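*Asks:* Please build the complete structure, drawing on both the sequences and the hints.
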Amino acid sequence: MNATKFDVRYIAELARIKLNPGEIATFESQLGHVLEHVEKLNQLDVKDVEPTAHSFPMYNVFREDEIRPGLTREAALANAPRQAQGLFIVTKVVE
Amino acid sequence: MELSSLTVHETRDLLARKEVSPKEIVEGLIRRIEKVDGAVHGFLSFDPERALQDAERADLSLPLGGIPIAIKDVISVQGHPCGCASKILQGYIAPYDATVIAKLRAAGAIPFGRTNMDEFAMGSSTENSAFGPSRNPWDTERIPGGSSGGSAAVVAADEALAALGSDTGGSIRQPAALCGCVGVKPTYGRVSRYGLVAFASSLDQIGPLTKDVRDAAIIMNVISGVDPADSTTLDEPVPDYLADLDKGVEDLTLGLPKEYFIEGLDPQIEQAIRAAVARYEKLGATIVDISLPHTEYALSTYYIIAPAEASANLARFDGVRYGYRADGITGLLDHYGKTREEGFGQEVKRRIILGTYALSSGYYDAYYLRAQKVRTLIRRDFDDAFAKVDAILCPTSPTPAFKLGERTGDPLQMYLADIFTLAANMAGICGISIPCGFAGVEGKKLPIGLQILGKALDESTVFRVANAYEQNTDWRRTKPDLGDG
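Going line by line, the protein sequences match chains L and C.
Okay, so the first sequence: first residue is 1 according to the working numbering, each after it adds one.
Okay, so the second sequence: first residue is 1 according to the working numbering, each after it adds one.
No lab work stands behind these hints, which were simulated from the structure alone.
Predicted model, so just to flag it, every value in this text is computed and none were measured.
Yeah, the Cβ is synthetic: ideal placement off N, Cα and C, and Gly gets one too.
Among the hints, a few may not be true.
[Said to hold, decoys possible] Some chain C residues close to chain L (C-beta under 7 Å, calculated; not the full set): (1) Tyr92; (2) Phe131; (3) Tyr188; (4) Gly189; (5) Ser231; (6) Lys282; (7) Arg316; (8) Val320; (9) Lys338; (10) Ile352; (11) Ile353; (12) Leu354; (13) Gln372; (14) Gly428.
*Replies:* Set out below in structure tokens:
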């Protein structure tokens, strides 16, 4: 993978972060270096190696499906940047 | 002697003998913070009145009755700010207690103060805090390490008796080493992360930063254990970590991994680690050379896995349910894009971009999947090593504390600060950093940390090995000079 293929603008769009042109240029160069370093991983033959997602083998953990106390509506809304009538206000999604 | 300079267990003894009151302990810390935190900037905020109220009500019959503990700004304490040193969470007040906080409270402790950190725990110096860096108490021109740099600095500067931090790639052990205190990364799953703001969920652990090993064991006794609210916690019995503390190392075999004594390791650090190894030999431990052959791949593996997981975890910061929301929004994508542009700092953006890239269509196999496979090889290295040894000795950090600004322009140089601590998170094992000497740099004494790694769920042996050394040395008696006499 060479660094020039790394399209920061497109990736930033996927990540829903606006970047200014200065940031795009800086990240392109800095992350290019990081990815060059990561190339090291290609030296290893991992064809028959199982991936590790968690350091302990963990499977689904279940509990009884019963009602338990949670946050009140007031507490859940207390940190919202915009709220009204007990609801979060979201930016318009459909035209 | 100033009350703030005591350990947790010394304070507890004084409280039990009624020689001091919890209120006097809190007052002593407030005086100390007012005196030195202008220079250290270890705290983002603290609420003296609430701590004094808690002190009035303290139940001294409990294991941590009346003991104030400083909390990293990434762990939720109900009614207190929890901002992860980020603009995007400025003003956020935690609506519930993290499980570790509920456990500390049940043991009588008083959560006191929010410690500074790298934004969202991403960094090795606290320079990524949106509210300015903390400074190393041993030389305020230098960084305290990170990301739990505020927690390490306040413990080292006697502004706290002990603190909680979080460790994803070394974020407890590395600042503990650089500030000259004790820092523990527990086994993955040993301590609940419920109420910890997630960074890399397959790596994160909460742990204590303390003035000595006994204090670390005392706090681990309180915060460890399975939690129904965190399904990654292990349903395994929690031993009394104080039980084996004084058993010595005579019947133990300790391994020295040759991959940790490499070019780039500061000569003064190598010398201090070798001297510590010689001390262990004198104390009766058997020392053997071991190899962890995939060590050199840990950094690359980490910088795929951690950013990938972070990019998913930080998707929740969307400016709807909590946190910062940009003004002048024209539509939904503009809302997300601007809110996250203005709310996140540079390093957080950098890692989200890197992680998003590693997970994006066409690159997932080449980066994330490959990194997870190399992670298996790193785990196996430790499995093989622990078949031969009881614990591993190595440096915590390749260099002493570096200067503010020295590495901020070069992310890769900054990432190298964690080169000796990352592998333990990959493998899910436990580790501790304890003081083992000082490096003389430009006329200043800078602390050096010895890292002791143990197998999964074997914190008892790690504490025992650490305590044996600590009892035979007196590094912790030397305190930083903050111009306060």
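*Asks:* Look at each hint and say if it fits the structure.
*Replies:* Tested hints:
The beta carbon of C:Tyr92 is positioned within 7 Å of a beta carbon in chain L (closest approach about 5 Å), and the interface hint is therefore held. Given the 7 Å rule on beta carbons, the hint for C:Phe131 is violated: about 19 Å separates it from the nearest Cβ of chain L. Taking 7 Å as the C-beta contact cut-off toward chain L, the hint placing C:Tyr188 at the interface holds, the least distance being around 5 Å. A cut of 7 Å between beta carbons decides the hint on C:Gly189: the least distance to chain L is about 6 Å, and the hint holds.
Proximity of C:Ser231 to chain L holds as hinted, the smallest CB-CB distance being about 4 Å (cut-off 7 Å). With a least beta-carbon distance of about 34 Å to chain L, the hint placing C:Lys282 at the interface is violated under the 7 Å criterion. At its closest, the beta carbon of C:Arg316 sits 12 Å from a beta carbon of chain L; the interface hint therefore is violated under the 7 Å criterion. Annotation: interface hint on C:Val320 holds; nearest CB of chain L at approximately 6 Å, less than 7 Å.
Annotation: C:Lys338 was flagged as interfacial toward chain L, and the flag holds, the nearest CB pair being 6 Å apart, inside 7 Å. Hint status for C:Ile352: holds, given a least beta-carbon distance of 5 Å to chain L, under 7 Å. Of the supplied interface hints, the one on C:Ile353 holds, with its beta-carbon coming within about 5 Å of a beta-carbon of chain L, less than 7 Å. The restraint placing C:Leu354 at the interface with chain L holds, with a minimum CB-CB distance near 5 Å, inside the 7 Å limit.
For C:Gln372, the interface hint holds, since its Cβ comes within 7 Å of a Cβ in chain L; the closest pair sits about 3 Å apart. Interface restraint check: C:Gly428 against chain L, minimum CB-CB distance 2 Å, threshold 7 Å, status holds.
Of the numbered hints listed earlier, those contradicted by the structure are 2, 6, 7.
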